[in-house]
Amino acid sequence: VLLKRALDASVYRGVARGAAAVVVASERERDAVVACGVDSGRVHVRGNGFPEPLVDGALESELRARLRIPNGAPVVLYVGRIAAGKGIEHLLETARRLPDAHVVFVGPDDRHGTAVDKADNVHLLPATDEPPLELYRQADVFVLPSEGESFGMVAAEAAAAGTPVIVSDRCGIAGYFEDGEALVVPYEREAVVDAVRRVLADDELRARLARGGVEAARRTSWDRVTDRQEEIYREVAPTGC
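Using the working numbering, you'd call the opening residue of the sequence shown number 218 and step up by one each time.
Hints may be right or wrong, so weigh each one.
Distance condition first, Cα-Cα at most 20 Å in a straight line; then the derived EDC-like pairs of lysine to aspartate or glutamate [said to hold, decoys possible]:
| # | residue 1 | residue 2 |
| --- | --- | --- |
| 1 | K335 | D317 |
| 2 | K335 | E306 |
| 3 | K335 | E310 |
Source of the hints: derived by calculation from the structure; they are not laboratory data.
All chains should be modelled from the sequences, with the hints used to inform the complete structure.
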């Protein structure tokens with residue numbers, strides 16, 4: 218992590234010397250770039266687009282069958298690297314506190330399986346070729362409890378799939394959700410556990426978050442991102458180009 222931060226700082230400073238603009242995905246990433254010495258006037262927040270919503274069609278719960286998760290048992294999904302700083306320990310604590318729920322991790326294990334697959338209600342799967350939105354739709358709630366993400370595209374994918382989203386306030390994407398579109402919680406173990414418990418226990422809340430996530434995806438489309446990128450080009454390009 219320290220090496221990555223050092224490399225990021227070096228790259229940001231190098232880019233700033235010759236770039237008219239530095240485009241970032243979130244306010245959080247903007248703050249990080251400015252902290253590395255880049256002039257704030259050159260930094261433009263453009264965001265990333267959400268996928269097109271996928272909320273129609275029959276849903277086959279292949280994930281449950283593959284992992285032998287009982288029908289009716291809630292599924293808590295995480296997609297991403299199993300690594301330090303991703304809030305994995307928060308989700309493992311969730312599995313301990315909510316033994317009827319099944320926590321499914323999908324992604325490469327950079328911790329070499331340490332404690333992730335030791336409980337009956339914790340499952341670890343490698344990255345899958347299954348269409349992402351179909352995977353998310355098989356979960357009752359998606360959680361991204363990271364210590365820090367410049368954006369967090371997996372949360373955008375989950376929202377577009379109509380799956381309720383819980384995201385840490387240290388993820389850049391948190392700023393793109395309006396009230397009722399996701400639960401944004403502190404990067405704290407108790408906050409994550411309580412949020413999952415609350416969502417799983419409240420059918421109305423799950424339905425509201427599912428609808429809200431789809432609305433966020435419709436509002437934050439790639440067409441709008443493209444428009445913003447073109448706007449930045451017009452702002453920084455010399456007149457007459």
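Comparing the hints with the structure gives:
This hinted pair checks out: K335 and D317 have alpha carbons roughly 15 Å apart, not beyond 20 Å. Our distance criterion of 20 Å between C-alpha atoms is met by K335 and E306, whose separation comes to about 13 Å. For the hint linking K335 to E310, the alpha-carbon distance of about 12 Å falls within 20 Å, and the restraint holds.
Against the hints set out earlier in the document, no violation occurs for any number.
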